[in-house]
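Peer 1: Chains as they are written, first to last, in this note's numbering: chain A, 62 to 652; chain B, 2 to 591; chain C, 173 to 302.
In case anyone wonders, no lab produced these hints; they're calculated from the structure.
Treat the hints loosely; a few may be bogus.
In silico PhoX-like cross-links for lysine-lysine, where the CA-CA straight-line distance does not exceed 20 Å [stated by the list, open to error]:
1) Lys239(B) with Lys222(C)
2) Lys286(C) with Lys5(B)
3) Lys461(A) with Lys278(A)
4) Lys298(B) with Lys78(A)
5) Lys242(C) with Lys222(C)
6) Lys383(B) with Lys16(B)
7) Lys239(B) with Lys242(C)
8) Lys387(A) with Lys551(A)
9) Lys540(B) with Lys564(B)
10) Lys184(C) with Lys249(B)
11) Lys514(A) with Lys539(A)
12) Lys126(B) with Lys183(C)
13) Lys468(B) with Lys192(A)
14) Lys207(C) with Lys242(C)
15) Lys207(C) with Lys126(B)
16) Lys184(C) with Lys139(B)
17) Lys171(A) with Lys461(A)
18) Lys591(B) with Lys524(B)
19) Lys141(A) with Lys152(A)
20) Lys5(B) with Lys207(C)
21) Lys183(C) with Lys139(B)
22) Lys183(C) with Lys329(B)
23) Lys242(C) with Lys242(B)
24) Lys5(B) with Lys285(C)
25) Lys126(B) with Lys192(C)
26) Lys535(B) with Lys575(B)
27) Lys124(A) with Lys298(B)
28) Lys286(C) with Lys8(B)
29) Lys141(A) with Lys78(A)
30) Lys35(B) with Lys8(B)
31) Lys225(B) with Lys242(B)
32) Lys152(A) with Lys92(A)
33) Lys524(B) with Lys535(B)
34) Lys643(A) with Lys387(A)
35) Lys468(B) with Lys535(B)
36) Lys582(B) with Lys540(B)
37) Lys177(C) with Lys126(B)
38) Lys249(B) with Lys177(C)
39) Lys126(B) with Lys184(C)
Quick caveat, the model's predicted, so the values are computed rather than measured.
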Amino acid sequence: MDTINIKIDNKNFQVPKGTSILDAAKSVGVKIPTLCYMHLHDLNTTHKPTGCRICVVEVEGRKNLVPACATECTQGMVIKNQTIRVLNSRKTVLELILSDHPSDCLICAKNGDCDLQSMAQEMGIRHYHYKGEKSTYIKDRSPAIRRDMDKCISCRRCLTMCNDIQTVGALSAINRGFMSVVAPAFQMNLEESVCTYCGQCVAVCPTAALTEIDHTKTVIRHLADPSKTVVVQTAPAVRAALGEEFGYEPGTLVTGKMTAALKDLGFDHVFDTDFAADLTIMEESAELLDRLTRHLNGDKTVKLPLLTSCCPGWVSFFEHQFPDMKDIPSTARSPQQMFGAIAKTYLADKLGVKREDMVVVSIMPCLAKKYESSRDEFKTNGNPDVDFVLSTRELARLIKQAGIDFKSLEHADFDHPMGESTGAGVIFGTTGGVIEAAVRTAYEIFTKQKLHKVDFQQLRGMEWIRESTIDFNGIPIKIGIAHGLGNARKLLEEIRAGKSQYHAIEIMACPGGCIGGGGQPLHHGDSNILLARQKALYTADKANIIRKSHENPSIKKLYAEFLGSPMSKKSHELLHTHYFDKSNHVKITEE
Amino acid sequence: MSIKFRKNLLVCSGKSCQDASNFDLVDFINTKLKDYNLEHEIQAVQSVCFNKCTIGPNMIVYPDNVEYSTITKDDIDDIIIEHLLNNRIVERLVYNDKNKFSGTNKKQYRIALRNCGFIDPEEIKDYIENDGYDALAKCLTEFTPEAATQEIIKSGLRGRGGGGFPTGIKWEITSKSISDQKYVVCNADEGDPGAFMDRSILEGDPHSIIEAMAICGYCIGANKGIVYIRAEYPLAIKRLKIALEQAKDYGLLGKNIFGTNFEFTIDIKYGAGAFVCGEETALIHSMEGLRGEPTLKPPYPSVSGYLEKPTNVNNVETFASIPAIINKGAAWYSSIGTEKSKGTKVFALAGKINNVGLIEVPMGTTLREVIYDIGGGIVDGKKFKAVQTGGPSGGCLTEKHLDFPIDFDSLTAAGSMMGSGGMIVMDEDDCMVAMAKFYLEFTVEESCGKCAPCRIGNKRLHEMLTKICDDNGTLEDLDLMRNLGVVIKDTSLCGLGQTSPNPILSTMVNFYDEYHAHVVDHKCPSGQCTSFLKYYIDKENCIGCLVCARNCPVNAIFGEKKKLHIINREICIKCGICMEKCKFDAIYLK
Amino acid sequence: MAQIKSVDDLKKIRASIQEKNQKAVANNDNMEIIKINVAMATCGIASGAKTVMNFLIEELPKRNIIANVKQTGCMGYCYAEPTLEITLPNENPMVFGYVDLKKADEIIEKFIKKGELVDGIIPINYELAK
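Here chain A stands alone, though its shape is the one from the complex:
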């Protein structure tokens, strides 16, 4: 590799050609502060709009300061990071940003977890020298995401996520100058836009401009209500990330402590979404095998590939943007909704609780789940199958508010019957996990042979689009995997063009799958955290004795006692759904 010589603050360094000043400085231990910059290494995404102007440095021979994040080092470049000019400029620019920001840190949702706040501390801002008009906007509440653009610093990270990674296109910069703001077109509400509530904008927002809709207070109220039986389910990805909020290393599994905390919080029954994930596999693989068999028998009407349907962000995405293909995804509901449907029927009967008196709470790594639970088709007489969805972050807040010392909690187990799950269920939390779980079951049912090696390494990883062919006893089954909606779009366009070779495709809206969900502890641009969470889920899978969904005894019992068989009438009623054409959903109302 070609290297070049540069000088930073009077010290000589050699760096590879093509390195940015920021990376060069980092590689030699010089810290240049950044605010809008974001680099998700493992996701191959760099966001450097050079808008915040915090990372400016002095380069000899240049008239103006240059942004370190987007300026490439050149041979012999002399860089100064510690001059009065640089320090004063950074501080002044930061003061400017603060001058257009509500100073309500103490009561802000992101207090203690805010990039702007940390930067103000690092730079030792103790004074507001510049004062003036502050931007004020109407707060926008959607079913999942809250927008408070007063707190937006125009870093535009959300735009990169929404437009480049997800290709949803719900957000863009509108208006000019001081009035410029990131918003849906015509400044309509998020709810009226094509937003899928994937929450990736929230996941990267450095301030509290984009946050989740907080349901903690309502949940506390229900916990305190003795007439209610409050049931909670926890999604697979939560256990791999919750610990981060309490000082654990990323990738620490805190399943037992989480369960204990939920019990301490007063939930009557602590169950596991992994159980419902196993149930999903039963239905989804049955559907796959049905379509596959018919296809192999020459039925031309069969729609293949089968697309997974457990990700609500992804469901919204194709409803909005690919409505012509809405009969291709599996009709199986997501694990969260399957859980809710079973809880308010089968479980309620078992416990002898009336539907109205049962409250189902989900702990999800996801914000779209908040929206999913509010969809009309998941309600019976107006009563939703899942009443409230809390994100991983909200659960952490709830635990902190309750004064529970998380670290010193003793491990606790999930309750029965809906707390029992397999290794297949837990890997739902990562990209590739759902399809791997489906393959484990589908293979055995299709070939009627026992699968000895359950680890499908070829389906794992962080590549945006992955593919693999699995030998179903002589029949090659082509599997595709995409995470990030922009990559899903690529596969969908292939299908639309009739060029797709796949039999089944797993799609997850969020980069990394649920481990990188919009409700997870913030990664602050460190994509290594996602890798650690992924690894944790595969570890959890491996630690499980039962690793195939159809071997879950509680699932077997559920079918025997209640549902009959996968794809039965009862299953259809409770575990399957249908999709809507939302291409006309966006209505531009004239003022």
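Here the structure of chain A is known, so what remains is to put chains B and C in place on it, guided by the hints.
Peer 2: Relative to the frame of chain A, chains B and C by itself:
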């Protein structure tokens, strides 16, 4: 028909000439001519002001083109006897100037505007008649692309859009970028307040732009051109469209131009009038259908521009000069102007100047010549105070800069810039703080909002200026403003933010006393900022009737019957009711 | 329309245009014609140049004057719009400023018909790169 009189005396009708003569010069001369029995051979007529107000009254003897200045009644006999009867020029009255282009009314030299006002812009034949498309023919048949580019490099032409980057070098860089597709873009997104040379050129001589773009295409290896033009220029768009059709019909655009292999077509794209879209990266984004926001350079458009292909962006005025350079040669062009700024520059004169208009002068012409000789001096003979060059991104030049030769580098050195060539002249009645505020208002409005220093910083600067103009400023504000101005310049993403504090910074250097007066003495020296005006009671006129005191809504007026009243300015809200109610003109505003 | 396919084509077209523009063939007379340019940029039109131009086009034939009235772009005299440039045969061009209908009438009657200069002349203050 030919001109009837043997000689005509054109007498300047400008206000200052008339003021200076204090009598009707035309009338006086015609009466005198009668005395000499010349009334059938010679006549005097009024002419539109011809710009030499400081040395008026002025007149020109036509067709001799001899110009007499500072003439008095007593000089008329001399002129008639010596010049008109004996053909001897009255040397003592002849206007004399040191500049080589003057003396005979030749301060202006029109290269970019060579056809504007002379040809019918909707008629290609008019353009062809005036050497049109010769330059393109010459390039295609006599020059290699490299040689034609070299010619532009040698001419020393620099970008007229504001940056002043050498045009030929830009072409050379783009020509060296390797790609299957390249573009020539004409930047007609003229946005500076008060600048309209690009519109005038497109409205007056659209074919010169088409020809120049084709030449550029030939030089850099592009076969597609795009004119990015403001949608607010409907006439320019209409004429450009007509010109494009005509050029196509004549085979001057399309395939096999002049029988060669060269192919070139031009499209039009419309801008919505955002100032920042004059910045080339923002312009390209706008053309691509994206939000018109700048991005960091490099990569420069010459490497990765429109649709990520190498793109050469030049301004209208730059293109308009190209055919003349090719036709007359680089040596000719580089003989005009100063050492580092060759050729001529079009300026739009505006503000408190007599001859508001579009002028083109050689680089190196002094500000004095532009303002007094061409611009006709300051309206109402007031005192010149400053001129803002470079529009909202420029700075102000003052009296001490009057004899400055104007070129790219001298303006930058003086803390201003060439910009696109707007010149707004200010006189003694203009408050420089209010002027800076006016320009900041523009940049605040036009900032795209992408980078923090420009988005928030300019807003804060404007707020501080408003505070100062409203008599609420402090010395601390001045320090903060200076720091902020420097930081905004130093840290902003694009040219807009990097220059937007110039009006403040340059007035703070040149007119610090005015800022000081606003915040310390609580006075606006020019009287423009009305917040500083205060109500006073005239000792002579006040009869002590108490009407004002009774009507004052805040009880700010004190006094006893038949005694002089006093206004307490701490309480006064300047509503003006007292002045309205006083029947004795005893209350005045100052 | 004849397309220009070579440098010679261009020269030929130019020569024919020049000839046509110099002479007006009226009553088999090879007469030199009067040229009138009206500054018709946006600013000129806004201050009334179009009305003046229409007036000239209508009135000149009525008064038996053969002239070539054409629109041009901006002449640069924004302060004196509308402006006209009139070239009498074998004379230097004359520029008139502030031309309203009354002035246009005066120009026809005095300057064009009789060759008398009228008030409102703008001294040309530039040199052209020709």
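Peer 1: Each of the hints needs a verdict: does it hold here or not?
Peer 2: Hints, verified against the model:
no., hint, verdict
1, Lys239(B) with Lys222(C), "holds, 16 Å"
2, Lys286(C) with Lys5(B), "holds, 6 Å"
3, Lys461(A) with Lys278(A), "holds, 13 Å"
4, Lys298(B) with Lys78(A), "holds, 18 Å"
5, Lys242(C) with Lys222(C), "holds, 11 Å"
6, Lys383(B) with Lys16(B), "holds, 12 Å"
7, Lys239(B) with Lys242(C), "holds, 17 Å"
8, Lys387(A) with Lys551(A), "holds, 16 Å"
9, Lys540(B) with Lys564(B), "holds, 10 Å"
10, Lys184(C) with Lys249(B), "holds, 18 Å"
11, Lys514(A) with Lys539(A), "holds, 18 Å"
12, Lys126(B) with Lys183(C), "holds, 12 Å"
13, Lys468(B) with Lys192(A), "holds, 12 Å"
14, Lys207(C) with Lys242(C), "holds, 8 Å"
15, Lys207(C) with Lys126(B), "holds, 15 Å"
16, Lys184(C) with Lys139(B), "holds, 16 Å"
17, Lys171(A) with Lys461(A), "holds, 14 Å"
18, Lys591(B) with Lys524(B), "holds, 10 Å"
19, Lys141(A) with Lys152(A), "holds, 16 Å"
20, Lys5(B) with Lys207(C), "holds, 17 Å"
21, Lys183(C) with Lys139(B), "holds, 12 Å"
22, Lys183(C) with Lys329(B), "holds, 17 Å"
23, Lys242(C) with Lys242(B), "holds, 19 Å"
24, Lys5(B) with Lys285(C), "holds, 9 Å"
25, Lys126(B) with Lys192(C), "holds, 11 Å"
26, Lys535(B) with Lys575(B), "holds, 7 Å"
27, Lys124(A) with Lys298(B), "holds, 14 Å"
28, Lys286(C) with Lys8(B), "holds, 14 Å"
29, Lys141(A) with Lys78(A), "holds, 19 Å"
30, Lys35(B) with Lys8(B), "holds, 14 Å"
31, Lys225(B) with Lys242(B), "holds, 16 Å"
32, Lys152(A) with Lys92(A), "holds, 15 Å"
33, Lys524(B) with Lys535(B), "holds, 10 Å"
34, Lys643(A) with Lys387(A), "holds, 10 Å"
35, Lys468(B) with Lys535(B), "holds, 17 Å"
36, Lys582(B) with Lys540(B), "holds, 17 Å"
37, Lys177(C) with Lys126(B), "holds, 16 Å"
38, Lys249(B) with Lys177(C), "holds, 12 Å"
39, Lys126(B) with Lys184(C), "holds, 12 Å"
Checked against the numbered hints given earlier, this structure breaks none of them.
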